Amino acid sequence: MRIIPVLDVLDRQVVRGIAGQRESYQPIQSQLTSDSDAASIAQAFRDVFGLTEFYVADLDGIERGAPNFETLQTLQQSQANLWLDVGTNSRASLQQLAQHIPLNSVHRIIVGLEGCPDLSVLESIQSMVSPDQLAFSLDLKQGTPLLPAHASEAWANATAWEIAQQVLEFGVASLIVLDLAAVGMGSGTPTQLLCSTIRDSYPELELITGGGIRDVEDLQQLEEVGCEGVLIASALHDGRLTVKDLNPYL
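What the sequence shown shows, in our numbering, is residues 293 to 542, in sequence order.
Since the hints were made in silico from the structure, they are not lab data. These numbers come from a predicted model, not from an experiment. Take these hints with a grain of salt, some might be off.
[As the list claims (entries may be wrong)] In silico EDC-like pairs for lysine to aspartate or glutamate, Cα to Cα no more than 20 Å straight-line:
1. K536 - E355
2. K536 - D507
3. K433 - E415
4. K536 - D510
5. K536 - E496
6. K433 - E445
7. K433 - E461
8. K536 - E515
9. K536 - E345
10. K433 - D339
11. K433 - D410
[Unchecked claim] Each pair of labels, with its calculated beta carbon distance range:
12. L395 - M293: 22 to 30 Å
13. D492 - E362: 40 to 48 Å
14. A446 - D424: 25 to 33 Å
Where is the CB? At the ideal position from N, CA and C, for every residue including glycine.
Assemble the whole structure, with the sequences as input and the hints as a guide.
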């Protein structure tokens, strides 16, 4: 199982995600570095843990439709493997990203449920990325699908599992299961049961989860249910997970 540090980026700074309440996010305070600049945080993860795969949530793009391309370019040029969520919700938004960053240099391009009304978004962009590049984020809040206001009726009435099935049957090979209510809370990851259900039905899927990681025991439990990667931020910045703790996964 892989450890994938999270960089929630707002106005070029890495911010601390707390329960998905983005209006209250503040620049990160980290034991790893005194700087909250995105490139500095990424370098600290490299220096301390040897990690080079990062999940980047560009909140400028997700919330405002205006990705911070300068910061993304800096991260991309560092030769990191980036999981990139800039709020891609249409072919036009992906074309905009491609004007600033070569799409083939991005490890995974993420389409998040919170900006995706139905499968039409995936259909519109599938020709622009390779099949193994596209990842879907099953965004939840306390277990309930986090849908955009313009979600289709089919998805508005669907459970998280039903949406996951539709996305995976469409052909998406990488799935992130993320409950935003757990992010930054350090209260455990509530997605284990859903991840186990998904893994049982889709054994070849690249399955990633995160949010609320407390300790090594949480990592072990997620590995047992079949997760291939775990998104982590607060537990790394706060020192709750050390290099010694993560050695089995590095």
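Hint by hint, here is what the structure shows:
Restraint check for K536 and E355: the C-alpha separation of about 36 Å exceeds 20 Å, so the hint is violated. A C-alpha spacing of about 12 Å is found between K536 and D507, which places the hinted pair at or below 20 Å, so the restraint holds. Between K433 and E415, the direct Cα distance comes to roughly 25 Å. Violation of the 20 Å bound is thereby established for this hinted pair. The hinted pair formed by K536 and D510 meets the criterion: a straight-line CA distance of about 15 Å does not exceed 20 Å.
Restraint check for K536 and E496: the C-alpha separation of about 30 Å exceeds 20 Å, so the hint is violated. Between K433 and E445 the alpha-carbon distance is near 19 Å, which keeps this suggested pair within the 20 Å criterion. Note on K433 and E461: the hinted pairing is violated, with a Cα-Cα distance of about 23 Å set against a maximum of 20 Å. Using a Cα cut-off of 20 Å, the hinted pair K536 and E515 holds, with the two alpha carbons roughly 18 Å apart.
With a C-alpha separation of about 19 Å, the suggested pair K536 and E345 falls inside the 20 Å cut-off, and the hint holds. Of the pairs offered as hints, the one joining K433 and D339 is violated, with about 33 Å between alpha carbons and a cut-off of 20 Å exceeded. Simply put, K433 and D410 have alpha-carbon atoms about 18 Å apart, close enough for the 20 Å limit, and the pair holds. For the pair L395 and M293, the supplied restraint of 22 to 30 Å holds, since their beta-carbon distance comes to about 27 Å.
The supplied range of 40 to 48 Å is met by D492 and E362, whose beta-carbon atoms lie about 43 Å from each other. For A446 and D424, the Cβ-Cβ distance of about 27 Å falls inside the hinted range of 25 to 33 Å, so the restraint holds.
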